[in-house]
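Asker: Taking the hints into account, I'd like the entire structure generated from these sequences.
There are 2 protein chains.
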Amino acid sequence: MMRTRPLKVALLGCGVVGSEVARIMTTHADDLAARIGAPIELAGVAVRRPSKVREGIPAELITTDATALVKRGDIDVVVEVIGGIEPARTLITTAFEHGASVVSANKALLAQDGAALHAAADENDKDLYYEAAVAGAIPLIRPLRESLAGDKVNRVLGIVNGTTNFILDKMDSTGAGYQEALDEATALGYAEADPTADVEGFDAAAKAAILAGIAFHTRVRLDDVHREGMTEVTAADFASAKEMGCTIKLLAICERSADGASVTARVHPAMIPLSHPLASVRGAYNAVFVESDAAGQLMFYGPGAGGAPTASAVLGDLVAVCRNRLNGATGPGESAYAALTVSPMGDVVTRYHISLDVADKPGVLAQVATVFAEHGVSIDTVRQQGRQDGDGEASLVVVTHRASDASLSGTVEALRKLDTVRGVASIMRVEGE
Amino acid sequence: MMRTRPLKVALLGCGVVGSEVARIMTTHADDLAARIGAPIELAGVAVRRPSKVREGIPAELITTDATALVKRGDIDVVVEVIGGIEPARTLITTAFEHGASVVSANKALLAQDGAALHAAADENDKDLYYEAAVAGAIPLIRPLRESLAGDKVNRVLGIVNGTTNFILDKMDSTGAGYQEALDEATALGYAEADPTADVEGFDAAAKAAILAGIAFHTRVRLDDVHREGMTEVTAADFASAKEMGCTIKLLAICERSADGASVTARVHPAMIPLSHPLASVRGAYNAVFVESDAAGQLMFYGPGAGGAPTASAVLGDLVAVCRNRLNGATGPGESAYAALTVSPMGDVVTRYHISLDVADKPGVLAQVATVFAEHGVSIDTVRQQGRQDGDGEASLVVVTHRASDASLSGTVEALRKLDTVRGVASIMRVEGE
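Going down the list, the sequences are from chains A and B. Heads up: the first sequence begins at 1 in the UniProt record's numbering, then just goes up one per residue. Heads up: the second sequence begins at 1 in the UniProt record's numbering, then just goes up one per residue.
Be careful, since some hints might not be right.
You can't tell identical chains apart in this list, so a pair holds if it fits in one copy or across any two.
[Unchecked claim] Under the rule of at most 30 angstroms between Cα atoms (straight-line distance), these lysine-lysine pairs were calculated in the DSBU-like manner:
1. 52 to 152
2. 152 to 8
3. 361 to 242
4. 152 to 417
5. 71 to 242
6. 361 to 8
Because the hints were derived from the structure by calculation, they are not lab data.
Answerer: Structure below.
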């Protein structure tokens, strides 16, 4: 039975994603109506530049007054695809207060203020959905918070930034250095003119905070996420990774501790074995690997960005929120009941691959091994290589067993103080084993 | 705010999956209560053999009278993990009539009677959820019917049977023949004593019918699914596949036609390029590749069977159905509004790899090529090989461009009538390009 009064949708932002949302709402109106049980109507589009020609959007729907739009009182769902913290945050809160539910693609805002926004949604008995905020079109938020609602997630390991995966894949497949690969990513439109948010891991860290919060039913703030970018990954690191049967990916890793009482979230480049499903994720694709008690290992793969893919996720949420509205119900809200401790990076336990430049003389290995032992870091393998250039230096590559990040940091600090250690060429975590 | 009166759950079946569901309901009771918003209580467990010891399940909950259990009237959710058509079908219908919603893992039943069961659920305003019916723990039904509800799915290409994937992976990696690989699968418990349902594609066909129905919002009956098993795949086929840069998988393929007006569903072994994400799905794992207008290419990967993984999917549904119940709402029901034509196999368009045994003499290639041309099947490549055994025969391997299955069948029929064609050694479709 189809309701005939349409549900009214306000669109905030009409850029790459917003224009796709508007287009699909128009071209697929009949399908959306059938799936929702009522037609939906684009009731207004808030933009910054009203003079820009926007094909398929009637001029009378365009407004520069987003606040007035969300305050109209007859809006059923506000779709926020502006991005950034303000004015998005105030507009979303205002939308709840004026009777609308919200679909957002705003990872930065959700990572920073998710708890407050969920609280505002709850107070007003409205929905806040944001599948598009993490990994674009890949269904991830819904599987984590609904499909796995009867399971216990222990780890989320993901490639959640397409730009950096494109760069690292290029370095891996061509032997290019970081700058060369970045230049190509920029030329092809995969990297922005200022790539900082991507290459320094800010974007991935926001997604890690959101994923960890949902996976562990615990509030994880953006500040809780340890973040390292990938600008210092070198061609030599890829060569080392290959020797280990690994490649290098920028990973977002959310883990429950072995005792189950605490969680950690972090973003950094890491070696993963070539046999791991994440190792073969190419180009700008995203993929997220989820490990849980009962389901075991799951992987979700797809395009992590782009107008149409992100719009697909937004529209899936829009259908769900509209359905909830017709049902007079709301979907699952924030679930933070577990309230586990979010531990600092020092508590993370993993393996490490460390390249040292050392003096090429007897006894160095013994010295180095002693430092590892003193800090409780057990060595798995060591490879020692004299240099061809005869400068009296050698390379020492150490791969450790599992140890805490704090122990490893202590080890490295002590190594740097040894006369025979000329430099720590690289430290890379080894994940996914 | 937690409701204190528990929701009552009746479990039908307590085998590999059912016992895991009961176990997790007990061990994770607090988590489930927090996620649902009310505690859940195992109110009864219907089994065939009541004398069997079932650890952790109080004896007073065990009954052999499943009908009385679902008729009790105080049951909120019936979890059906008996499998098979009867008595499962009658029990589910009876459950709806007596006020319960249903979570089922029963692919055979859903594929055969999904429409009638959905109608029964709707009439009684109850939920029917069945994430566990397809690909075990992999969230697939929910992403297709919710996450992609605002998108247009064009193709679903999946490895949905772990037994056959284990066998084919073994044949690929070791060069073993079908029987040898099957024996190993049986020894390791991946194949049942009677492997017919798996190796003849019946299991995958049921899943294909369910997936096609949801993906295309169209009723697809089990009879509509073209089905070929994989018992005739040979080591020689794998050798041919390797020459093409391919491997062989048993695929469930649900496709929308190019004009969008009809759909097809089929299960058969096929070559897929090694570069395709499905090619690297190893062992008994399942994976489903989904192509849609806006999202592009998505893949969902994980364990497709087993007690704990299937229980994970069942429990995810149980949480959702319980939440709906507390909300006084129901989730998305059957969506068959599109009512597209389901076309027969003859209308399927794909590429083919055909191996012919032919007389080793001049003019044969011209004859063969003429037959293809007469049937409108365009040849991409031909490879002709004289045999070492000097028996006057040669091999001709033809790879076609895209053509309808009907045209290809006509071609093969005509080829068999040629004096110079001694036999058609194999015909294999080529997918995923």
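Asker: Now look at each hint and say whether the structure bears it out.
Answerer: Each hint, compared with the structure:
1. 52 to 152: between (48 angstroms within a copy, 29 angstroms between copies)
2. 152 to 8: Result: close only across copies, 22 angstroms inter versus 38 angstroms intra.
3. 361 to 242: Answer is within; shortest intra-copy Cα gap is 27 angstroms, inter-copy 50 angstroms.
4. 152 to 417: Result: close neither inside a copy nor across copies, 44 angstroms intra and 61 angstroms inter.
5. 71 to 242: Answer is neither: 57 angstroms inside a copy and 62 angstroms across each miss the 30 angstroms cutoff.
6. 361 to 8: neither (76 angstroms within a copy, 73 angstroms between copies)
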